[in-house]
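Participant: One-letter residues, chain by chain:
2 protein chains.
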Amino acid sequence: MGSTGSIGTQTLQIAEEFPSQFKVVAMTAGRNLPLLAEQIKKHQPEIVAISEEDLIPKLKDLLKTTSNKGNSFKCPQIIGGKDGLNTVASWNSADIVVTGIVGCAGLLPTLSAIKAGKDIALANKETLIAAGPVVLPELKISGSQLLPADSEHSAIFQCLQGTPWEENARLSTGIPTPGLQGIQLTASGGAFRDWSIEELQKATIKDATSHPNWSMGKKITVDSATLMNKGLEVIEAHYLFGLDYKQIGIVIHPQSIIHSMIELSDSSVLAQLGWPDMKLPILYCLSWPKRLKTPWKSLNLSEVGELTFREPNTKKYPCMELAYSAGKEGGSMPAVLNAANEEAVALFLDEKIHFLDIPKLIEFTCEKHKKDFKEFPSLDDVLNVDQWARKIIRQEADRKKINFSQE
Amino acid sequence: MGSTGSIGTQTLQIAEEFPSQFKVVAMTAGRNLPLLAEQIKKHQPEIVAISEEDLIPKLKDLLKTTSNKGNSFKCPQIIGGKDGLNTVASWNSADIVVTGIVGCAGLLPTLSAIKAGKDIALANKETLIAAGPVVLPELKISGSQLLPADSEHSAIFQCLQGTPWEENARLSTGIPTPGLQGIQLTASGGAFRDWSIEELQKATIKDATSHPNWSMGKKITVDSATLMNKGLEVIEAHYLFGLDYKQIGIVIHPQSIIHSMIELSDSSVLAQLGWPDMKLPILYCLSWPKRLKTPWKSLNLSEVGELTFREPNTKKYPCMELAYSAGKEGGSMPAVLNAANEEAVALFLDEKIHFLDIPKLIEFTCEKHKKDFKEFPSLDDVLNVDQWARKIIRQEADRKKINFSQE
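So the protein lines, in turn, are chains A and B.
In this text, residue positions in the first sequence follow my numbering: the first is 1, and each later residue adds one.
In this text, residue positions in the second sequence follow my numbering: the first is 1, and each later residue adds one.
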C-alpha cells in the first residue's frame with residue numbers, strides 16, 4: 001500500500017531481488033501514475049487501487065501506451081476510492097500487507113487488513129499512534145501479526161527475538177516481554193542536530209527537509225528535524241511492545257548505525273546495527289522469523305570509525321516532550337497530537353507557518369482537546385478528533401497570521 | 001573451580017547476590033588459603049578440593065581458627081590433588097560447573113565435569129582451544145551444554161538467541177547456525193593500544209599488566225596486550241559456534257562497551273553491550289535461558305559519549321595472526337600455540353624474556369611442531385604436545401639468553 005512512496009518503492013525493489021520468495025499480488029498508490037504504471041508492468045499484480053477514482057481512465061491509458069518490454073502483460077483489475085483501498089488491503093491472495101501510506105490516510109486500510117487476518121508490515125506509524133486503543137483489540141480478534149517495518153522498531157523487534165518473548169505469542173498484546181527492562185530509541189537528531197536554539201529562528205523549509213542520514217519523504221524529514229518522529233515512535237513502541245513510557249528512552253546518535261537497543265533485566269543491552277537503509281527492516285518483516293541471504297554491503301565499523309551518543313535537549317526539541325505527554329495521557333490524545341503535527345508540518349511545508357510554530361500549535365491543540373478527551377475512543381472518535389485537530393491547527397495558524405500582519 | 005581467582009570470586013559474589021537462586025555446593029582453589037577459608041565459611045559448600053594435598057591440614061586449621069561470625073558452620077569434606085579436582089568437577093549435587101581455572105590446568109577437571117553430564121560455564125579458554133577435537137565428541141555423548149562465561153563469547157551467545165539456532169540444539173555441535181554470516185570479536189587493544197611498534201621495544205612488565213578497561217589476572221592481561229587473548233578467542237569461537245575462520249573477525253574497540261557482534265545473512269548486525277564487568281556473562285551462564293533481575297548500573301551511552309573502532313594492526317600484534325594460522329591448521333596445533341603462549345608469558349612475567357620475544361618464541365614452537373602435527377589428537381596427545389611446547393619454549397629462551405650474553 002503506497003507503492004510509489006519511499007516504503008513502497010523499496011518493498012518492490014525487494015520483491016525484484018527475491019523473485020522466488022515474494023510475489024506482489026496487489027498495490028495501491030496515489031497520484032504518481034507514471035511510476036505506478038511502470039510498477040504494474042513490472043510486478044503484474046492481480047489488483048490495483050488508486051485513491052482518486054477519476055484517475056482510473058488515465059492509468060488505463062498509461063498501461064496501454066507504455067512499452068512492456070516484450071513481457072506478456074495482463075492488465076490488472078483497477079479500482080478506486082477509499083473502498084478500493086480497503087478491498088486491496090484485505091485481498092484474498094495476500095499473506096502480508098506492507099502499509100507504506102504516510103499519515104492518518106493509512107489507518108482505515110490497515111484496519112481492513114487486520115480484520116481480514118493479514119499480517120502487517122507496519123510502516124504507517126499512525127495505525128498505532130492515533131488508533132492504538134482501536135487496533136489492539138482487533139489484533140487480538142483476528143490473530144494478525146504486526147511486524148514493524150521502520151528501522152527503530154525493527155531493531156527492537158530483532159533484539160527481542162533473543163528474549164523469551166515468544167511465550168506471549170505476539171507483539172501488541174499489551175503484555176510486557178518478560179525480562180525486558182526498557183528500550184532506547186536512537187535518533188539522528190535530524191536536520192538541525194548541530195543548530196543552536198537561536199539558529200532555529202532562521203530555519204527554512206530547505207533546511208528542515210535535508211536529512212543527514214536517511215532518504216525519506218518530506219513530512220517525515222521535518223518530523224525528524226523536530227524530533228516528533230522519535231516522539232511518535234515512543235508512542236508506537238508503547239503499543240507494540242507493551243512498555244510503560246518510563247521504560248522508553250531516546251538517545252541522539254548522529255551516525256544512525258545503531259538502530260535501537262533493548263535493556264534486559266540483568267542490565268545486558270542488545271542492539272541492532274546496520275547501514276541506514278530501510279530495505280533491511282522491510283525485508284525482515286517479509287522473511288520473519290527467517291532471514292534471507294542478501295548481497296547487501298556488510299557493516300564495517302572500522303570504516304564508520306566512531307559512534308557518538310548524547311542526551312536530547314528537551315528545550316531544543318519540545319515536540320519530544322509533547323509526544324511523551326500525549327502518550328502518557330493515552331486514549332484519544334495521541335490521535336490529536338498526530339493530526340495536529342501532520343497539519344502543522346503541512347502548513348510549514350506550505351510556508352504558512354515558521355518551523356518553531358510547529359510545537360506551539362500542537363501544544364495549543366492538545367491543551368484544547370483536554371475538555372473533550374476520551375479515554376477509550378472508538379474508531380469514529382479517532383477519526384473525529386483527527387479532523388477536529390486539523391481544523392484547530394488551521395484556524396489558529398490563520399488567527400496568528402492575522403495577528404502578525406496587524407502588528 | 002578456581003574459587004579464589006578472578007572468575008571464582010565474581011561467581012561467588014553472584015551467589016551471594018542471589019541466595020534464593022544459587023547454592024555453591026563445591027569449590028576448588030590453589031594456594032590462597034585465607035581467602036578460600038573465608039569463602040568456605042560464607043558459602044558452606046559440601047566439598048572443597050585444593051590442588052596441593054599437603055595444604056589440607058593448613059586449610060583445616062584456618063577453618064578452625066577464623067571466626068564464623070556467629071553462623072553455624074559445618075566443615076566441608078576437603079580433598080586434594082588432581083583426583084580431588086576431578087571429584088569436585090563431577091560432584092553429584094552440582095547442576096553447573098563454573099570453570100575459572102586459568103590455563104591448561106583447567107582442562108582435565110572440565111572434561112570430568114562434561115563426562116559427568118554437567119553444564120559448564122566456560123571461563124577456561126583452553127578447554128576448547130587446546131582440546132577442541134577431544135572435548136566436542138564428549139559433549140555430544142554426555143549432552144552437556146557449554147555456556148561461554150567470557151564477555152565476548154557470551155555476547156555472541158546472547159545475540160544468537162535471536163536466531164533460529166535452537167533447531168541445532170546446542171553450541172559446540174560443529175553445525176553452523178542457520179542465517180549466521182559471521183561474527184566480530186571486539187578487542188580493547190590492551191595495554192599497548194596506543195603505543196607505536198617502536199615503543200613496544202621498551203615495554204616492561206608493569207606496562208603490559210596494566211589493562212585499560214578490565215580488571216583481570218596478570219596472564220590474561222598480558223595476552224590482551226599481545227592480542228593473543230583475542231586470537232585464542234577466535235579459536236574458541238570456531239569450536240563453540242561452528243564457524244569457519246574466515247567468518248570470524250576482530251575489531252579494535254577501545255571502550256569495551258560493545259562486547260561482540262554477529263552478522264546475519266541479511267546483513268543485519270546484532271551486538272551485546274554493557275559496562276566492562278565479568279559478572280554479567282557469568283550470571284547469564286547461570287540463569288540461561290532466563291535472565292534475572294539485577295540492581296546493576298544500566299548502560300548509559302550518553303555518559304560513554306563515543307564508541308570507536310579500528311582494524312587491528314597485524315604488524316603490531318603478530319600473535320593474532322599466529323592464532324589464526326594455528327586455528328586453521330587445527331588438530332594439535334592450537335594446543336601447541338596455547339602452551340607455548342602460556343610458557344612464554346610466564347617467562348616474560350618472570351623477567352626472563354622481553355615482551356617482543358613472546359610471539360617469536362611461539363612462532364618458533366608452532367613451526368617446530370609441524371613435523372609431529374596430529375590432525376585428530378587424543379587427550380594424551382594434547383597433554384603431550386602441551387608439555388613438549390613448554391619445554392621447547394624454555395629451551396629456546398635459554399639458548400637465546402646465552403646468545404645474547406655472548407654478544
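To be clear, the hints were calculated from the coordinates, so they are not data collected in a lab.
Errors might be hidden in some of the hints.
Repeated chains share a single entry, so a pair holds when one copy, or any two copies, can fit it.
Here are the computed lysine-lysine pairs in the DSSO-like style, where the Cα-Cα straight-line distance is at most 30 Å [to be verified]:
#, residue 1, residue 2
1, K23, K58
2, K64, K140
3, K316, K206
4, K293, K279
5, K401, K74
6, K316, K290
7, K297, K315
8, K60, K218
9, K297, K328
10, K290, K140
11, K293, K246
12, K74, K328
Participant: Taking the hints in turn, state whether each one holds.
Facilitator: Hints, verified against the model:
no.	hint	in the structure
1	K23 x K58	within (26 Å within a copy, 76 Å between copies)
2	K64 x K140	neither (44 Å within a copy, 64 Å between copies)
3	K316 x K206	within (19 Å within a copy, 48 Å between copies)
4	K293 x K279	within (13 Å within a copy, 35 Å between copies)
5	K401 x K74	neither (53 Å within a copy, 85 Å between copies)
6	K316 x K290	neither (41 Å within a copy, 41 Å between copies)
7	K297 x K315	between (38 Å within a copy, 27 Å between copies)
8	K60 x K218	within (29 Å within a copy, 77 Å between copies)
9	K297 x K328	between (40 Å within a copy, 26 Å between copies)
10	K290 x K140	both (24 Å within a copy, 27 Å between copies)
11	K293 x K246	between (37 Å within a copy, 17 Å between copies)
12	K74 x K328	neither (51 Å within a copy, 56 Å between copies)
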